[in-house]
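> Protein chains in written order, with the numbering used here: chain A, 723 to 993; chain B, 109 to 291; chain C, 29 to 317.
Keep in mind the hints are simulated off the structure, nothing from the lab. Don't take each hint at face value.
[What the hints assert, rightly or not] So these bits of chain A aren't anywhere near chain C, every CB distance computed over 10 Å:
1. His726
2. Leu797
3. Leu842
4. Ala871
5. Leu902
6. Gln954
7. Ser957
[To be verified] Below, a list of computed lysine to any residue pairs in the SDA-like style, where the Cα atoms sit at most 20 Å apart:
8. C:Lys139 / A:Met787
9. C:Lys163 / A:Gln776
10. C:Lys163 / B:Gly149
11. A:Lys765 / A:Asp739
12. C:Lys136 / A:Gly738
13. A:Lys796 / A:Leu882
14. A:Lys765 / A:Gly738
15. B:Lys257 / B:Arg233
16. A:Lys765 / B:Gln167
17. C:Lys136 / A:Ala861
18. A:Lys765 / B:Gln151
19. C:Lys163 / A:Ala861
20. C:Lys136 / A:Ala800
21. C:Lys139 / A:Gly738
22. A:Lys765 / B:Ala122
23. C:Lys139 / C:Met183
24. C:Lys139 / A:Arg784
25. A:Lys765 / A:Leu732
26. C:Lys163 / B:Gln167
Idealized CB from N, CA, C, for every residue including glycine.
One-letter residues, chain by chain:
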Amino acid sequence: MTWHLGPELLDRYSDGDLDLARQSAVETHLLACADCRQLTSAKAPQDLLTDIWQGVQIATARPRMPWPLRLLRKLGLAETDAVILSASSSLYRPWLLSLVGAFVIGVGGTMMPATEQRSLYLLFAPLLPAITVAAAYDATDPIRELAAATPFSKLRIALLRTATVVAIALPVVLLAGLALPFVGADAFAWLLPSLTLTLLALTLLTWWTASVTAWVVAVLWLTVVGILRSAQQLSAVDTPFAQLAFAVAALLALAALAIRLTTHHAPGGYA
Amino acid sequence: MSTLSDAELLRNIAAGDEAALRQLYERHAGWLLLRLNRRCGSQDLVAGALQDTFVAVWQSAGRFRGEGEVAAWLWGISIRRLISALRGHPAADPLGDDVVGAAVPVVNSAEDELLRGVEYGDVGRALRTLPPELRATLQATVIDGLTTKEAAVLLGIPQGTVKSRLRVAKSRLRDQLMPGRTS
Amino acid sequence: MSPQIAVLDGVTKSYGGAEVLHRTDLGFDRGVIGLLGPNGAGKSTMLRLLATAMPPTSGRIVVSDHVVTDGSPDRTAARRRLSYLPQEVGIPRRMTSFAFLDYIAVLKEWKDTGARHREVNRVLGLVGLEDRRTKRVSALSGGQRRRLALAQALMGDPDLVVLDEPTTGLDPEQRASLRGILSSYADRGAVLLATHQTEDVSALCDRVIILDDGRIRFDGSVASLIGLADGQVWIGSEVNAGALSSWRTGTGEIRSLGGVPAAGSRPAEPAVEDAYLLVRSANLIGQPR
Numbered sequence: 723m724t725w726h727l728g729p730e731l732l733d734r735y736s737d738g739d740l741d742l743a744r745q746s747a748v749e750t751h752l753l754a755c756a757d758c759r760q761l762t763s764a765k766a767p768q769d770l771l772t773d774i775w776q777g778v779q780i781a782t783a784r785p786r787m788p789w790p791l792r793l794l795r796k797l798g799l800a801e802t803d804a805v806i807l808s809a810s811s812s813l814y815r816p817w818l819l820s821l822v823g824a825f826v827i828g829v830g831g832t833m834m835p836a837t838e839q840r841s842l843y844l845l846f847a848p849l850l851p852a853i854t855v856a857a858a859y860d861a862t863d864p865i866r867e868l869a870a871a872t873p874f875s876k877l878r879i880a881l882l883r884t885a886t887v888v889a890i891a892l893p894v895v896l897l898a899g900l901a902l903p904f905v906g907a908d909a910f911a912w913l914l915p916s917l918t919l920t921l922l923a924l925t926l927l928t929w930w931t932a933s934v935t936a937w938v939v940a941v942l943w944l945t946v947v948g949i950l951r952s953a954q955q956l957s958a959v960d961t962p963f964a965q966l967a968f969a970v971a972a973l974l975a976l977a978a979l980a981i982r983l984t985t986h987h988a989p990g991g992y993a
Numbered sequence: 109m110s111t112l113s114d115a116e117l118l119r120n121i122a123a124g125d126e127a128a129l130r131q132l133y134e135r136h137a138g139w140l141l142l143r144l145n146r147r148c149g150s151q152d153l154v155a156g157a158l159q160d161t162f163v164a165v166w167q168s169a170g171r172f173r174g175e176g177e178v179a180a181w182l183w184g185i186s187i188r189r190l191i192s193a194l195r196g197h198p199a200a201d202p203l204g205d206d207v208v209g210a211a212v213p214v215v216n217s218a219e220d221e222l223l224r225g226v227e228y229g230d231v232g233r234a235l236r237t238l239p240p241e242l243r244a245t246l247q248a249t250v251i252d253g254l255t256t257k258e259a260a261v262l263l264g265i266p267q268g269t270v271k272s273r274l275r276v277a278k279s280r281l282r283d284q285l286m287p288g289r290t291s
Numbered sequence: 029m030s031p032q033i034a035v036l037d038g039v040t041k042s043y044g045g046a047e048v049l050h051r052t053d054l055g056f057d058r059g060v061i062g063l064l065g066p067n068g069a070g071k072s073t074m075l076r077l078l079a080t081a082m083p084p085t086s087g088r089i090v091v092s093d094h095v096v097t098d099g100s101p102d103r104t105a106a107r108r109r110l111s112y113l114p115q116e117v118g119i120p121r122r123m124t125s126f127a128f129l130d131y132i133a134v135l136k137e138w139k140d141t142g143a144r145h146r147e148v149n150r151v152l153g154l155v156g157l158e159d160r161r162t163k164r165v166s167a168l169s170g171g172q173r174r175r176l177a178l179a180q181a182l183m184g185d186p187d188l189v190v191l192d193e194p195t196t197g198l199d200p201e202q203r204a205s206l207r208g209i210l211s212s213y214a215d216r217g218a219v220l221l222a223t224h225q226t227e228d229v230s231a232l233c234d235r236v237i238i239l240d241d242g243r244i245r246f247d248g249s250v251a252s253l254i255g256l257a258d259g260q261v262w263i264g265s266e267v268n269a270g271a272l273s274s275w276r277t278g279t280g281e282i283r284s285l286g287g288v289p290a291a292g293s294r295p296a297e298p299a300v301e302d303a304y305l306l307v308r309s310a311n312l313i314g315q316p317r
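Input sequences plus hints: build the corresponding full structure.
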């Protein structure tokens, strides 16, 4: 390099006080000379540079939302609600859990005698939404205590997660039921038991962590199905009487949840 | 400050090193900002273009080909981000292949030699005789390495006008620097 | 005098019949308040109660004029004015630093995306994690995770900052910088910190509370706490008979706390730690202010 930018030239360049020919010469030199770039950079407004750096930091760190959430955002989901949902990973897990569940029912069912196929579907289908609701709480369980002390409505979080999870799990399980030849009329019989179990899971989440809740609900339902099976009464599930019983149980679970909420306990902690 | 070269910094950025991005920003953001200021009067657009440039670098540092000056590469990205902003609809992908591909060092050695002589030599005098609009067109196409389409956006004139001004400017320069030769 | 920022009014907490915090009355004004006590003394319980992370068994808790034990609306209003660092924060490992803080900021009702992201960025800078924004929590060291957890407690402009052992996992520089940050929060509100580091207390706190077995053993200024150990610390060539604790110092002499001064020993300047040990040993019971 035969020449460098003097202080006067630098000042005039940064003030925009050079004619185009000189300006071009300066700029060409800058591309090739790190020392002069450093001197020039010192002339730039540092406050503005700091602001822009903030912007760069945020833009590079801002978590990219998974595409289902971007879609929901376009459909009107609030940005803060989308952050809540992406923190609970409540989109991929329910997908995965429901798909795995449906797969197990499908594959398992075809390998079993006809009477067992029915109990297998009855065992898994109602559990899936309830378990996925509990699973939506699993990711944030370790920061329960921290989250409890924040003002965001715990009820809103519960509703958001439940709605999303059920919206994903329900169609998957329903479609699996309709597609599997051995399910037949049971494709819908599991809906009321499932509602009961989901409400029960939400109620239990006001006391316990997600994993404990999931186990308790699963064991409870397993027991019910086991009793029905040993009494040779599996087919009773789609009788009007049984459906009515499930509806009553769902109402009871709803009442229990309401009581917990009004006494300052929400799924995920102290409300 | 460590003594890593710009190209090494880019390699580290490609590997997810945020401190390297900061170093690169500290080295280059200042002069880029001043140079962008010489191209556009809107501080907001310039600041936005500079921010987009470094976001693009973060996402695409691995695409730097390792040849030529990182400074020229950065300038190529930032001037195109500015043009994109001037168009009023920034590209969805902050750094599409078209931009990366085009953003190679814009000054080849012959032009470099020519321009180094600009300040004191004949070319400088010749350039100074050109009317401002012709000089601006030359700057956008030769110095900034823009296509006529991009130059049209930057200068706010139709593409056809860029082309015709460029033709006029070249023939006038030729007449001045090489009198007697016919084009 | 303006109302106190936080008040415990006859507060008790029991777990399954065992009382871990006995009927406690305390008020907190602006400034840094240190909470000392052995493990299991009830420090974390008291902080959890103040942070509204759990309800008391009985009693009344007031934060920023909101009676948090009255009902959800008051509790929510109080939560808008406080921040809390639990002793253990198991940050989800697959989250990035930025995403974790962004999530907590949403829980803290930062609705405007731009302002929220700027705040996240600000607190990342405060705890020195600005170059770890895009790193997943699983890629952070233990100290960095602790600082990340601390960062969320520094968001916004809280009246009450409740920190359960904020200095564990910090190196001396980070601890010094945290002290600076906490002092600036203490100009506007009450900063309550539980700690095992007596240096933090002497460096930072306007007031010290010593808790043992769910009861307050001392409540007063740092100077009055240290005053309790006046004339109890000795340096000499022999250990004091019946000393509460003693060790050989770097100069080769023996420093004794309490007991009968050994022949030829001279009195030494007591520290917070000496007074704390004395209070704990029940040689002296501190007088509430």
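> I'd like to know which numbered hints this structure contradicts. Please list them from smallest to largest.
Hints 4, 10, 12, 15, 16, 21 and 22 not satisfied by this model.
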